[in-house]
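Undergrad: Sequence:
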Amino acid sequence: MSNYIGNGAYCYANSASMLLSSIGEKVDPGLLETVGGFSLGAFRTQEDLLFFDNCTSSPDLAISKAMSILGFSVRESVQSRGTEMPVDELREALKQGPMMMGPLDMGKLVYNPNFPNLGGSDHYVVALSMEGDEICLHDPAGFPNVFLTLDKLEEAWKSEFPWSSGVYRRWWSPERMEQPDLEEINRRAFTWFKSSLTEQLNDIAAQEGQTGASAILDKAEQVRAGSIDGNEWAHYVYFALPVGARRAHDYGLFFKTIHPDLSALKYAQSRQFGECQSRLVSRNWEAAATIMEALAETEAMIEAAILKME
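Numbering (the working numbering), first residue to last: 71 to 380.
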């Protein structure tokens, strides 16, 4: 199996990796994405969009959890909605080192030439310095050392997302607290995977058939009928399926030596995500629905394997 190396919507994992690099720690974004556990599971939102992650978790929680599992502490803060952006705190913190911030609304990040088409999409970046009324930052979507006015930063950073509590969330001053060996990292990760997946299975969304294989199968029926609109189609072909394929591939790599059966399932799932995306791009509804049904079956087997973890 060849590893995937390339672009992908790993904004929070890439940003967390950049933050750790500021203290000389080289941690692969794929490992951060994996042990954070957010990308295990599937659910349909109230707007009937299918996401391939955990409805009881969030990128915010995944960042902090991944840091802890890998032996790091990190300062984290968030403001109540309706409060002012903490400019003075940001300025002082950046004198000491970079700061990870998010979620931000990509539609407000005007250095990205495609910003008019990205409104409502969440994103994470790493702030480097404040220079006058601008901030210099690294954006993992392909924009290193770009500048954004503080006014635009405030617009982006105060945006509300239903899964993220508060606004102006940020992480800074990471510190290595311990050096867990691979066995300990695996133990912590397994415990977290099982706990977070159990929480999703006990959520009311699961009871209503809105999570896991049930959610995927319901969406497969809609796809077969061609009853998804252009916006939903774009959600799958540009984001949900490609990032799902990469996440599953990284899980396949993570489990390769410690849980070969689960690794094989994750590698198979990655291929299914990729094939489903390809069929949807060409609007081959029947083929896309068929592979989505197979994807649901694989998801059920993955969830069962995780719940049996010791």
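It is worth saying that the hints were derived from the structure and are not from the lab.
Watch out, some of these pointers could steer you wrong.
Stated by the list, open to error - In silico SDA-like cross-links for lysine to any residue, where the CA-CA straight-line distance does not exceed 20 Å:
id, residue 1, residue 2
1, 264, 248
2, 228, 163
3, 264, 328
4, 326, 373
5, 96, 157
6, 222, 191
7, 264, 334
8, 96, 246
9, 222, 274
10, 228, 257
11, 222, 236
12, 222, 148
13, 165, 217
14, 135, 99
15, 326, 337
16, 135, 98
17, 228, 157
18, 264, 379
19, 228, 156
20, 228, 138
21, 165, 92
22, 135, 254
23, 96, 138
24, 378, 254
25, 135, 186
26, 264, 326
27, 228, 274
28, 222, 154
29, 96, 167
30, 222, 186
To be verified - FRET-style restraints, in silico, Cβ to Cβ:
id, residue 1, residue 2, range
31, 151, 309, 34 to 42 Å
32, 184, 204, 15 to 23 Å
33, 377, 118, 41 to 49 Å
34, 277, 153, 33 to 41 Å
35, 214, 73, 20 to 28 Å
36, 378, 214, 41 to 49 Å
37, 95, 165, 32 to 40 Å
38, 75, 202, 32 to 40 Å
39, 379, 274, 21 to 29 Å
Glycine included, C-beta positions come from ideal geometry on N, C-alpha and C.
Undergrad: When you check the alpha-carbon spacing of residue 135 and residue 186, does it fall within 20 Å?
TA: 33 Å, violated
Undergrad: Do the alpha carbons of residue 96 and residue 138 lie within 20 Å of each other, as the hint requires?
TA: 16 Å, holds
Undergrad: Take a look at whether the Cβ-Cβ distance between residue 75 and residue 202 falls inside 32 to 40 Å.
TA: Holds, at about 37 Å.
Undergrad: When you check the alpha-carbon spacing of residue 264 and residue 379, does it fall within 20 Å?
TA: Since the Cα atoms of residue 264 and residue 379 sit roughly 7 Å apart, the hinted pair holds (cutoff 20 Å).
Undergrad: If you draw a straight line from the CA of residue 222 to the CA of residue 186, is it 20 Å or shorter?
TA: With Cα atoms ~14 Å apart, residue 222 and residue 186 stay inside 20 Å; holds.
Undergrad: Is the straight-line distance between the alpha-carbon of residue 228 and that of residue 157 20 Å or less?
TA: 13 Å, holds
Undergrad: Hint says 41 to 49 Å; check whether the CB-CB distance for residue 377 and residue 118 agrees.
TA: With a Cβ separation near 27 Å, residue 377 and residue 118 fall outside 41 to 49 Å, so the hint is violated.
Undergrad: Keeping to a limit of 20 Å between CA atoms, is the pair of residue 135 and residue 254 held or broken?
TA: Between residue 135 and residue 254 the Cα gap is close to 14 Å, so the pair holds against 20 Å.
Undergrad: Go ahead and decide if the range 34 to 42 Å is satisfied by the Cβ distance of residue 151 to residue 309.
TA: 26 Å, violated
Undergrad: With the threshold set at 20 Å, check whether the alpha-carbon distance from residue 264 to residue 334 stays at or below it.
TA: 18 Å, holds
Undergrad: Quick check on a hinted range of 15 to 23 Å for residue 184 and residue 204, using CB atoms only.
TA: For residue 184 and residue 204 the Cβ distance comes to about 21 Å; the hint holds.
Undergrad: Under the criterion that the straight-line Cα-Cα distance not exceed 20 Å, is the pair residue 228, residue 257 satisfied?
TA: With Cα atoms ~37 Å apart, residue 228 and residue 257 exceed 20 Å; violated.
Hints 1, 5, 9, 10, 20, 25, 27, 31, 33, 37 from the earlier list are contradicted by this structure; the remaining hints agree with it.
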